[in-house]
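Sequence lines, in order, name chains A, B and C.
So the mapping is simple: this note's numbering equals the position in the first sequence, first residue as 1, plus 2.
So the mapping is simple: this note's numbering equals the position in the second sequence, first residue as 1, plus 147.
So the mapping is simple: this note's numbering equals the position in the third sequence, first residue as 1, plus 1.
Check the hints yourself; a few may be wrong.
[As the list claims (entries may be wrong)] Quick list of the computed label-pair ranges, beta carbon to beta carbon:
#: 1; chain 1: C; residue 1: L130; chain 2: A; residue 2: P438; range: 35 to 41 Å
#: 2; chain 1: A; residue 1: G228; chain 2: C; residue 2: R9; range: 27 to 33 Å
#: 3; chain 1: A; residue 1: P48; chain 2: C; residue 2: G43; range: 32 to 38 Å
#: 4; chain 1: B; residue 1: E155; chain 2: A; residue 2: H446; range: 53 to 59 Å
#: 5; chain 1: C; residue 1: V14; chain 2: B; residue 2: R342; range: 48 to 54 Å
#: 6; chain 1: A; residue 1: E296; chain 2: C; residue 2: P229; range: 30 to 36 Å
#: 7; chain 1: B; residue 1: V167; chain 2: C; residue 2: G82; range: 30 to 36 Å
[As the list claims (entries may be wrong)] Computed far set for chain A versus chain B, every beta-carbon distance over 10 Å:
#: 8; residue: D47
#: 9; residue: G169
#: 10; residue: L181
#: 11; residue: R182
#: 12; residue: D304
#: 13; residue: H382
#: 14; residue: T564
No lab work stands behind these hints, which were simulated from the structure alone.
We treat Cβ as the ideally placed atom computed from N, Cα and C, and that holds for glycine.
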Amino acid sequence: MPLPAGPTRYLRSPMAWAATAMLASLVVLALAGPLVWGAAADRPDPSVVLQGPSGAHPFGTDNLGRDLLARVLAATRPSLLLALAATAIGAGAGVLLGASTAVVGPRARRLLAALINLLLAFPALLVALFLAVVFGAGAGGAVLAIAVAGVPGFARLAQTLAAAVAGTDHLASARVLGLRRHRLLWRHVLPNIAEPLLLSVTTAAGTSLVALSGLSFLGLGVQPPGYDWGRLLNQGLDRIYAQPLPALAPGLAILYAAVTFQLLGEVLAGGVARRGPASRPPRPPVVSSGPAEEGLVLQVEDLGVELPTPEGVIRPVRGVSLSLRPGEIVGLVGESGSGKSLTALAIAGLLPERARVSHRTLRLLGADLAAMTPRQRDHHLATGLAMVFQNPASALNPSLRISTQLTEAARVHLGMRHAEALREASEALRRVALPPSLLRARPHQLSGGQRQRVMIASGLMVRPDLIIADEPTTALDVTVQRQITELLSGLRRDTSAAVLFISHDIALVSGFCERVLVMYAGAIVEALPADRLATAARHPYTRALVASVPDLTADRDRPLPTVAGAPPDPLAPAPGCPFEPRCPHRRERCAREAPPLEDLDAVQRVACWYPLPVTTDDPAADRMEAGPS
Amino acid sequence: MTELRLRELTVRHHGPRGPVTAVDGVSLEVPSGATLGLVGESGSGKSTLARAVVGLVPVHGGSVLLDGREVRVRTVRARRELGRLVQIVLQDPDTALDPRMTVRQTLVEAATVFQRLDRPARAERVTGLLELVGLDPRLADRLPRQLSGGQRQRVAVARALAVEPGLLIADEITSALDVSVQASVLNTIRELRRRLGLSMLFIGHNLPAVCHVSDVVAVMRHGRIVETGPTEALLRDPRHPYTRELLASVPRLSPRRS
Amino acid sequence: MSVARLLRHPWTVFLGRRTARLVLSLGVVLTASFAMIRLVPGDPVRAALGVDASPALVAARRHQLGLDAPFPSQYRHYLDGLVHGDLGTSLVTGTPVAELVRTRLPATLEIAGLAFLLTLAVALPCGLLAAVRTRDGRHPRSELVFTTVTAGLAGVPDFVLAAGLTALLAVGLQLLPVAGTGGAGAFVLPVLALSVAPTAVLVRIVRVEALKVLAEDYMRTARAKRLPPARRYLRHAAPNTATAALTVAGGLLPAMIAGTVLVEKVFAWPGIGSAMAQSVVSQDYPVVQAMVLILGTTVLLASLLVDLLLAVLDPRSTIRES
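Excised from the complex, chain A in its bound form (with noise of 0.2 Å):
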């Protein structure tokens, strides 16, 4: 976690102006304090004993007639520099505590777990407060006391965080090494929590001012002639129903100091969490969509995705058109990044509130969607149109049975009846070749091939046309996969409805869709029949990306073919063709302009000013210039 690279952000928000005044208040209160009241803090006047506010003692005095506001203010340093002593212990006993779990062996990590869980079961006032006591009255003792309560609970965050880094690939791998436990500690460890840390540790200082306060306060902590705000508010107490002001004064300074250190811990942890300014693209003008085409599910036509990043406004869906016919079942297919799960969320109109969508036309069973209020929007979106999401362990709600995540679409949308929906859930999860009995399960009691399967079934449940999967078999196992795929086949056979499958795997989506669609850097760069891809594909990236799978039967003493470099930075867009830098084949105009997505023929569309040829061959014996990048 980086530090905001910003000064700037920090010196915008009030808030941090604020903290930062308050602190900065308290540590000139706490070094010129003593030297400029000490002496009016300390001078007993008999003639003006327990008097209330007034003009020469603003705050009232105290029973030997001493300056009440001078003695507040003098007492900022001990109170300030005992909390800062308990804190500074307490926080470095409990860290090297917590994170030495993260490097020592198992039996001692389980040991030190438990003597943590067992220190935190009593709270940190309870533990102060008995120790106080044992220690004697006196802030010697307050303060120890304060600094061991304050240790397992440093102890904890240090351990969970330490545990984040413990789990990580590359701690591992230092182990592997040989790397001796000490080094772990500092050099892997330690760095990598201390910013999390460094937030607690500030808001704990006020914790520990307060609960030092609270000492002095019972009369533990600091002992008289010494004073500090604890104890002040101890002695005035009693004068609370006479005189508020007098009795009150020391505790507004306990709290001011403690509201400091929580807005200090507060503008720091923002500083750390917030990324990126909250601009936002504008929002595109509504346009009616285009004509509508006879007998398309779905039409998009020309669809922008916007999105604001802390480094600024990307454009990571550029110009993409396509349609689906009833029945259809047509892969996206494109690399990390290239934007095919954006498209489909944009079409869905799933985005977050902050991305921006654009279209000329954007079309479900006809209907255009930019014209219809909200509602009509939702409705019609949810009876035409089911998802499939990648991941089907978090897409499923852990906490409901999975009758009620099939049955709650039908029963808002539809309008059915609980029993009828029901009925309608058992004949769904038939469909996906899963027991009824499954209804009264919660989605951990099922395999992830089962929860996939129930994703689906819950799509049926409203009976759509459009069905769009995406990555729906990533997560799965490769023997899992193909059942999804061939049940997803299967019902669009039953059903006639259309499906959108998105998915990296170029080798998955030939196999079983009609037609393929390749997106590269946001955009759609080649359109064609599936049984075209091994050999008639013209895009040289298509071309790169079916040659760079490795296969089965390829000449295993032959590298595979590569594509050099990277796809281009969405920040910074270049006017050519986004795949101009990495392409073979790269003449002079495609720097200059970027091509358009063209009919070759009535199936085939690329977006490329010079398409290579066809091959004829099997695709292993012409694969591109094969040597590692």
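With chain A's structure known, arrange chains B and C on it following the hints.
Chains B and C alone, transformed into the frame defined by chain A:
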């Protein structure tokens, strides 16, 4: 180079419902200078097996033999001796490298575990290691977040090679990578084998990728090895029904029936 | 179900482990409270009776407390006394401490329990509401106000708040009783003082947890089904937020019970806390010892209660975690 032999290796985890046998009496052999591919689906125990070999998880039964000598991990000394012989590269490119260390720091740390190097020697070693894994030496002063996933995995391989181990274990190192990046990492792995003569245990769930770099392939399921054979023979003539199912499930790019 | 399966059942394992932990913690409390009076600097009896007490009186009291016996037999004697409900005798007033506990414990439990319920009742809905409003980076200004206000309130020390509330509402405006347990109105200030900071802490945690839940894949599934917002938030998000929130809230209850020590002192609330505060000042160690024991035990039982409640509400996560 190092020869690895597993004899009846058994590893158990503590599950929510008592102990789970993740690796169940596995016997395997990686001959010196050869690459054994280990294929299995999620939960088959292949990663646990790898972690047990390098001492990251405790062994319950059986033995791990390196060049005929039984591996011990009880003492720090024994662990370091093991680290000298065997190194591992793991799956996740996001956490493969310490996010706060530059590539150079990471590689120098690894290279100086067993030997002292002066300043010029360190720079030379870093350059050499980066070139070995097909990376531009100018990347040395970058932080992991400034590298792509494929580049990070290459640095992780370079770190493992920095101690000049006799055996390299690659545990799903290409699973999180895009297919075109995977291809170039696979090429690098093959190239390394050829140049360094390393023994290698290459673990993965992607059968074609594993087969592409392996001399011998073992198929693992439910903690057991169901079939082992030379790659060509296993692909041509799979014996076990599970191996056949696995082979049949592999998506293939082929001109299809219309 | 066979005995073997019953023994391996997650619930059995969970209860077994939880009970073991409780017994261990109780042992710590017992030993700590026993050791306390032997660890304090100086002679506790002399300290309580004053410098001019006669040596004979001091010796008699020491004997009465069993402080002149060897340690193991003292410990046995201590435990034996506890089993028979003997918590010792106050050095100052000479009354049995058990009597003090019997009369004062209910008052403490009342304000701690009420404060805990108030905290839950306010923090859970408010946190969820705040999360819904500021989800996905919406309403950044609301978020700023929310975080600033809650951060400020979380820093408010309960005993300072107690004093402030007393001054403002009871003395200044004469609205509510200032001290003691006279009627329902008397509960308002102590409960408020105890619950403000914990509520601010909890409401922040609930919001963060709810934001995490709202970003989960299953919430996207719910959106994909176009479920109405009320159903999405209450049926899909709320249950998944509650577990995490209650886990944290469970940790607040013991802290509240401990917090009564200071708050009761301000309001002169006739509970365990004020008794403890008083006896600390007068160095009446047998009472302090008993109060540590009672408060410690109460805290342990309260967190056991919370853990059991969580296990019933969300068997999956709690049981697996143990």
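Checklist entry - Any of the earlier hints contradicted here, and which numbers? => result Result: hints 2, 4, 7, 9, 10, 11 and 14 break, sorted rising.
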